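Below, each chain spelled out in residue letters.
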Amino acid sequence: MKDRFNLYRFASPATFYPLAGRMIPWFAAFAALFGLAGLYLGMLVAPTDFQQGEGYRIIFIHVPASWMSMFIYLVMAFWAAIGLAFNTRLSGMMAQALAPTGALMAFLSLWTGALWGKPMWGAWWVWDARLTSELILLFLYIGYMALVAAIDDPRRADKAGGLLLLVGVVNIPIIYFSVQWWNTLHQGSSVNLTKSSMAVTMLWGMLLMAFCFWSYAIAVALARVRSILLERERHTDWVKAELLGVGDGERA
Amino acid sequence: MLKIIAAVIGRDLKLALRRQADIVSALFFFIIVVSLFPLGVGPEPDLLRKLAPGVLWVAALLATMLSLPRLFADDHRDGTLEQLALAPHPLGLAVTGKVFAHWLVSGLPLALLAPVLGLQFDLPTDALLVLTGSLLLGTPALSGIGAIGAALTLGLRGGGILLSLLVLPLYIPVLIFGAGAVDATVAGLGGEGHLSLLAALTFAALGFAPWASAAALKIALE
Numbered sequence: 001m002k003d004r005f006n007l008y009r010f011a012s013p014a015t016f017y018p019l020a021g022r023m024i025p026w027f028a029a030f031a032a033l034f035g036l037a038g039l040y041l042g043m044l045v046a047p048t049d050f051q052q053g054e055g056y057r058i059i060f061i062h063v064p065a066s067w068m069s070m071f072i073y074l075v076m077a078f079w080a081a082i083g084l085a086f087n088t089r090l091s092g093m094m095a096q097a098l099a100p101t102g103a104l105m106a107f108l109s110l111w112t113g114a115l116w117g118k119p120m121w122g123a124w125w126v127w128d129a130r131l132t133s134e135l136i137l138l139f140l141y142i143g144y145m146a147l148v149a150a151i152d153d154p155r156r157a158d159k160a161g162g163l164l165l166l167v168g169v170v171n172i173p174i175i176y177f178s179v180q181w182w183n184t185l186h187q188g189s190s191v192n193l194t195k196s197s198m199a200v201t202m203l204w205g206m207l208l209m210a211f212c213f214w215s216y217a218i219a220v221a222l223a224r225v226r227s228i229l230l231e232r233e234r235h236t237d238w239v240k241a242e243l244l245g246v247g248d249g250e251r252a
Numbered sequence: 001m002l003k004i005i006a007a008v009i010g011r012d013l014k015l016a017l018r019r020q021a022d023i024v025s026a027l028f029f030f031i032i033v034v035s036l037f038p039l040g041v042g043p044e045p046d047l048l049r050k051l052a053p054g055v056l057w058v059a060a061l062l063a064t065m066l067s068l069p070r071l072f073a074d075d076h077r078d079g080t081l082e083q084l085a086l087a088p089h090p091l092g093l094a095v096t097g098k099v100f101a102h103w104l105v106s107g108l109p110l111a112l113l114a115p116v117l118g119l120q121f122d123l124p125t126d127a128l129l130v131l132t133g134s135l136l137l138g139t140p141a142l143s144g145i146g147a148i149g150a151a152l153t154l155g156l157r158g159g160g161i162l163l164s165l166l167v168l169p170l171y172i173p174v175l176i177f178g179a180g181a182v183d184a185t186v187a188g189l190g191g192e193g194h195l196s197l198l199a200a201l202t203f204a205a206l207g208f209a210p211w212a213s214a215a216a217l218k219i220a221l222e
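Chains A and B are the protein sequences, given in the same order.
Mapping the first sequence onto the working numbering, position 199 (from 1) lands on 199, and the numbers just tick up by one.
Mapping the second sequence onto the working numbering, position 219 (from 1) lands on 219, and the numbers just tick up by one.
It cannot be assumed that every hint is accurate.
[Unchecked claim] To give an idea of the interface, some chain B residues facing chain A are shown, with a C-beta separation under 10 Å as derived from the structure:
(1) H89
(2) L129
(3) A151
(4) H194
[To be verified] From chain A, some residues computed to sit far from chain B (all C-beta separations above 10 Å):
(5) S12
(6) P25
(7) A28
(8) A29
(9) L33
(10) I136
(11) A146
(12) P154
(13) T236
To be clear, the hints were calculated from the coordinates, so they are not data collected in a lab.
Every value quoted in this text rests on a predicted model; they were computed, and no experiment measured them.
Quick reminder that beta carbons are idealized off the backbone N, C-alpha and C, glycines included.
Please model the entire structure based on the sequences and the hints provided.
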């Protein structure tokens, strides 16, 4: 019974901390490898787009960043739901650790989109449904981080933040469809990107970059959750042992 | 069940009427913000007519926001909120009552005042009607969603700014459909579709938001 591998064991901060420490280098290495391969495919191998020229190559950053910005919000909401339902300590910390990365991804997606939009659409910004909902997603990340930062008691911060995340996740489809409908009333589909079928190398480049962003997000979130753990659990023996260098740590 | 809601509404209304200055200042805030736009963008009637739905709706959002921090703060301070949480009725019902009372003193006067301000923007009569209707339909959703934000930020440092940061992004669908209904009427397309969606949002918000707010209040009261 005792030898059986039990995933729940890692819900405890003391066991999760070294596990996260062991996982970080791996995901960082994955991120670097996938990133190099994806950039090589995207920047050097993939053919020039016959409509958009070389400018399209920004999608190798833009699309993965947009995917991650939405996905990370869902993951945060998932942890928030787990945390509220089972009252686990680690879940709220995971949500908090993911938030800055998610906001970064949303910002990157908007920024690269603007850089792409200027040569392609002739405008840095258009009030298109996708752009608007991505902007609102960034606002939701900022709101979550501001709320969590304003609450001193970490347990209340976790719970209140989690509730906000769940409310936000209910709202995301509503926001998305509302801006879509609002927009189609005002302007036609002039800004719709007519996607021809992609070249295989383009698709691979994009997927590799998505894996890179994915691994990066995991590595960074784990690093962040480790420092949150140390801060929150600073009164415990295992943290003291860890900080004095006598714990089993990540080398064990 | 209706009794507790009615009791909370009655109590909150009585309290609000004893402090009428708060209601009136929110209304004047609405009027001033709306009046600033013609001064800022110039008195062109065509331009104003185009801006009017958005301006009136945004001003209504801001005016609603203004009174939100007070929604639970006073009750929290004098302990009423804890008594409500301890009462045998679910806290969500009491919050429903508070949301309704908040709407009666903030959303309803705004909606009734809006057509007068719409005249300043040279809106045609049918658009004025739709504007009033959309505000009547939409402002309860604002009170409901706002209650979640008010409950989450209860007793926090810088609660007011934080509240707007949390709540304004969630208000966007209401704003889009509310202003969209008036826009569509001005354009001659008919605003029924927008009004239906607005009503759907309001019913969803009034159904779910009080329970989310109640959960947030329990977190704050722990």
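- Query: Which numbered hints turn out to be false for this structure?
  - Reply: 1, 2, 10 and 11
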